[in-house]
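Single-letter residue listing:
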Amino acid sequence: MIPAPVRYHRALSLEDAFEALAEDEAKALAGGQSLVPVLKLRVARPSLVVDIGGLGLRGLTAGEGEVRIGALTTWAELEEAVELRAPGLAAVSECARGIGDLQVRNRGTLGGSLAHADPASDMPAVLLALGARLRLRSRGGERDVPLSQFFVGPFLTVLESGELIVEIVVPVPPPGSGSAYASVEHPASGFALAGVAAFVHPEGETLAATGLGAHPFTLPAGDPREALSSTEIFGDRFAPAEYRRELAAVLAERALSAARKHAREAS
Amino acid sequence: MPETLSLVVNGEPRSLAVEPRTLLVHALRDGLGLTGAHVGCDTSQCGACTVLLDGRAVKSCTLLALQAEGVEVTTIEGLARDGELHPLQRAFVEHHGLQCGFCTPGVILAAADLLSRNPDPDAESIRHALRGNLCRCTGYQPIVESVRAAAREVSS
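As they're listed, the protein sequences go chains A and B. Numbered as in this note's numbering, the first sequence ends at 268 without a single skipped number. Numbered as in this note's numbering, the second sequence ends at 672 without a single skipped number.
If we strip away everything but chain A, and leave its shape as in the complex, we get:
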């Protein structure tokens, strides 16, 4: 499979990227692990690919109560990141380790994956539970969007044309917090049939789920089984809605008990 003819621009700076992305059918290319497959399937047929892979925007910085993750940080880098060692943030590295495979984790980027917005992508559940926000930049300036307001549908986000995710900002959890992620994967694609992230902190517990609907979402507070019973859930030939609902309830228990364990280790 070979992508349809396309032009290519290697962005040399963010400004350069914004200028190139002003073209109607232009598409930003980060690591390529989501975009190249859809180019090959010709599901996406941009006129221009703007390669932002060389723009830096990579690595983690901790300070002032938050961890800032460059949009082009790879899954492999998240797996190893010392900035994410606190038990409250443990789910990030734990989840990164389970994404795709070695080759995909070496290339695939956090920002690229979020912008792609696959409804069964793992990491959004973790970042939602942790209350992350995204820093977006365009020619017009910069804005912060909570991840909870970022996804609007399958493969759809609030990103405007010519706008890029530059940073993912995760608040550092208070001492005594713990987090964990549990999922059951489709055996062929590796994507989550259902995935639940749990964040346990002194103020309470937050759960977020993926693979269940149009996009990952935060569960309403309270008993997860009850919350799931009133949630509209997607089903297909691999996993009907009722099966996914049951799976998610079990995974919520598993994620919660692992997160509580992390929290106890922390205190």
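Some hints could be false.
If we take Cβ atoms under 8 angstroms as the criterion, some of the chain A residues that face chain B in the derived model are [what the hints assert, rightly or not]:
| # | residue |
| --- | --- |
| 1 | M2 |
| 2 | I3 |
| 3 | P6 |
| 4 | G33 |
| 5 | Q34 |
| 6 | P47 |
| 7 | L56 |
| 8 | L103 |
| 9 | Q104 |
| 10 | R108 |
Incomplete in silico selection of chain A near chain B, CB under 7 angstroms [stated by the list, open to error]:
| # | residue |
| --- | --- |
| 11 | V7 |
| 12 | R8 |
| 13 | Y9 |
| 14 | V37 |
| 15 | D237 |
Label-pair ranges, simulated between beta-carbon atoms [as the list claims (entries may be wrong)]:
| # | chain 1 | residue 1 | chain 2 | residue 2 | range |
| --- | --- | --- | --- | --- | --- |
| 16 | A | Q150 | B | E610 | 49 to 59 angstroms |
| 17 | B | P518 | A | R261 | 50 to 60 angstroms |
| 18 | B | R606 | A | V83 | 30 to 40 angstroms |
| 19 | B | S632 | A | P6 | 30 to 40 angstroms |
| 20 | B | A596 | A | S162 | 41 to 51 angstroms |
| 21 | A | R255 | B | G599 | 51 to 61 angstroms |
| 22 | B | P518 | A | E266 | 50 to 60 angstroms |
| 23 | A | S162 | B | Q657 | 46 to 56 angstroms |
| 24 | B | D546 | A | R261 | 47 to 57 angstroms |
| 25 | A | H187 | B | R652 | 11 to 21 angstroms |
| 26 | A | E266 | B | V670 | 29 to 39 angstroms |
| 27 | A | R46 | B | V555 | 44 to 54 angstroms |
| 28 | B | R606 | A | E143 | 46 to 56 angstroms |
No lab work stands behind these hints, which were simulated from the structure alone. Just so it is clear, the structure is predicted and the values come from calculations on it, not from any experiment. From the three backbone atoms N, C-alpha and C, an ideal C-beta is built for every residue, glycine too.
Fit chain B to the known structure of chain A by using the hints.
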């Protein structure tokens, strides 16, 4: 319109003209004659096209060739040194780590990435690292044994 791609392949600087839509695996095979990177599934699942980019295993069917501008690519052809097989290659021969051999270049390069980060991996770490490499003949056990044997040789 073709563009010029310059990169280092198996230690040698190379330049070639590629279309923007050309995948790295095709640039290596058709442009440079390095047919060790195989096109297996062509859907980013099987890992037969795995090469090292600056030492890290990637699927060359899931990258545009132009994304490899300026990087160092190692294919299976570049693993042996001065006519001596790489310890992984030797271990695969000695421990029956292959039957038909189609997946082998990719498996060995993914294992090379693993050993560069973790010189003494246990069987579970090896299986985790090779999850993106499908083999339809050996059943994986001899592959895991081969990687273990290579790790022992390198660390001894």
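Okay, the hints, checked on the actual structure:
1. A least Cβ separation of about 5 angstroms between A:M2 and chain B falls short of the 8 angstroms threshold, and the interface hint therefore holds.
2. Hint status for A:I3: holds, given a least beta-carbon distance of 6 angstroms to chain B, under 8 angstroms.
3. Hint status for A:P6 relative to chain B: holds, with the closest Cβ pair at about 6 angstroms, below 8 angstroms.
4. Taking 8 angstroms as the C-beta cut-off, the interface hint given for A:G33 holds, the closest approach to chain B being about 5 angstroms.
5. For A:Q34, the suggested interface contact is upheld, since its CB lies about 6 angstroms from the closest CB of chain B, less than 8 angstroms.
6. Annotation: interface hint on A:P47 violated; nearest CB of chain B at approximately 11 angstroms, more than 8 angstroms.
7. Against a cut-off of 8 angstroms between C-beta atoms, the interface hint on A:L56 is violated, since the closest Cβ of chain B lies about 13 angstroms away.
8. This hint holds: A:L103 has a C-beta 5 angstroms from the nearest C-beta of chain B, less than the 8 angstroms allowed.
9. Because the beta carbon of A:Q104 sits about 5 angstroms from the nearest beta carbon in chain B, less than 8 angstroms, this interface hint is met.
10. For A:R108, the interface hint holds, since its Cβ comes within 8 angstroms of a Cβ in chain B; the closest pair sits about 5 angstroms apart.
11. A distance limit of 7 angstroms between C-beta atoms decides the matter here; for A:V7 the minimum to chain B is near 5 angstroms, and the interface restraint holds.
12. Satisfaction of the interface hint for A:R8 is found here, the shortest Cβ-Cβ separation to chain B being roughly 6 angstroms, below the 7 angstroms cut-off.
13. The interface hint given for A:Y9 is met, as the beta carbon of that residue sits about 3 angstroms from the closest beta carbon of chain B, less than 7 angstroms.
14. Annotation: A:V37 was flagged as interfacial toward chain B, and the flag holds, the nearest CB pair being 5 angstroms apart, inside 7 angstroms.
15. Look at A:D237: its Cβ only gets to about 19 angstroms from chain B, farther than 7 angstroms, so that hint breaks.
16. With their beta carbons about 57 angstroms apart, A:Q150 and B:E610 fall inside the hinted range of 49 to 59 angstroms.
17. The hint said 50 to 60 angstroms for the Cβ distance between B:P518 and A:R261, and at roughly 58 angstroms that hint holds.
18. The given range of 30 to 40 angstroms is respected by B:R606 and A:V83, whose C-beta atoms sit roughly 36 angstroms from each other.
19. A C-beta distance of roughly 37 angstroms is found between B:S632 and A:P6, which places it inside the suggested range of 30 to 40 angstroms.
20. The hinted window of 41 to 51 angstroms between B:A596 and A:S162 holds, with their beta carbons roughly 49 angstroms apart.
21. At about 53 angstroms, the beta-carbon gap between A:R255 and B:G599 stays in the expected band of 51 to 61 angstroms.
22. Look at B:P518 against A:E266: about 56 angstroms separates their beta carbons, and that is inside 50 to 60 angstroms.
23. Taken as a hint, the range 46 to 56 angstroms holds for the pair A:S162 and B:Q657, whose Cβ atoms sit roughly 51 angstroms apart.
24. At roughly 55 angstroms, the beta carbons of B:D546 and A:R261 sit within the given window of 47 to 57 angstroms.
25. Restraint check, A:H187 to B:R652: a C-beta distance of roughly 20 angstroms satisfies the suggested window 11 to 21 angstroms.
26. At about 35 angstroms, the beta-carbon gap between A:E266 and B:V670 stays in the expected band of 29 to 39 angstroms.
27. Distance hint check: the CB atoms of A:R46 and B:V555 are about 22 angstroms apart, inconsistent with the given range 44 to 54 angstroms.
28. The given range of 46 to 56 angstroms is respected by B:R606 and A:E143, whose C-beta atoms sit roughly 54 angstroms from each other.
In summary, the numbered hints that this structure violates are 6, 7, 15, 27.
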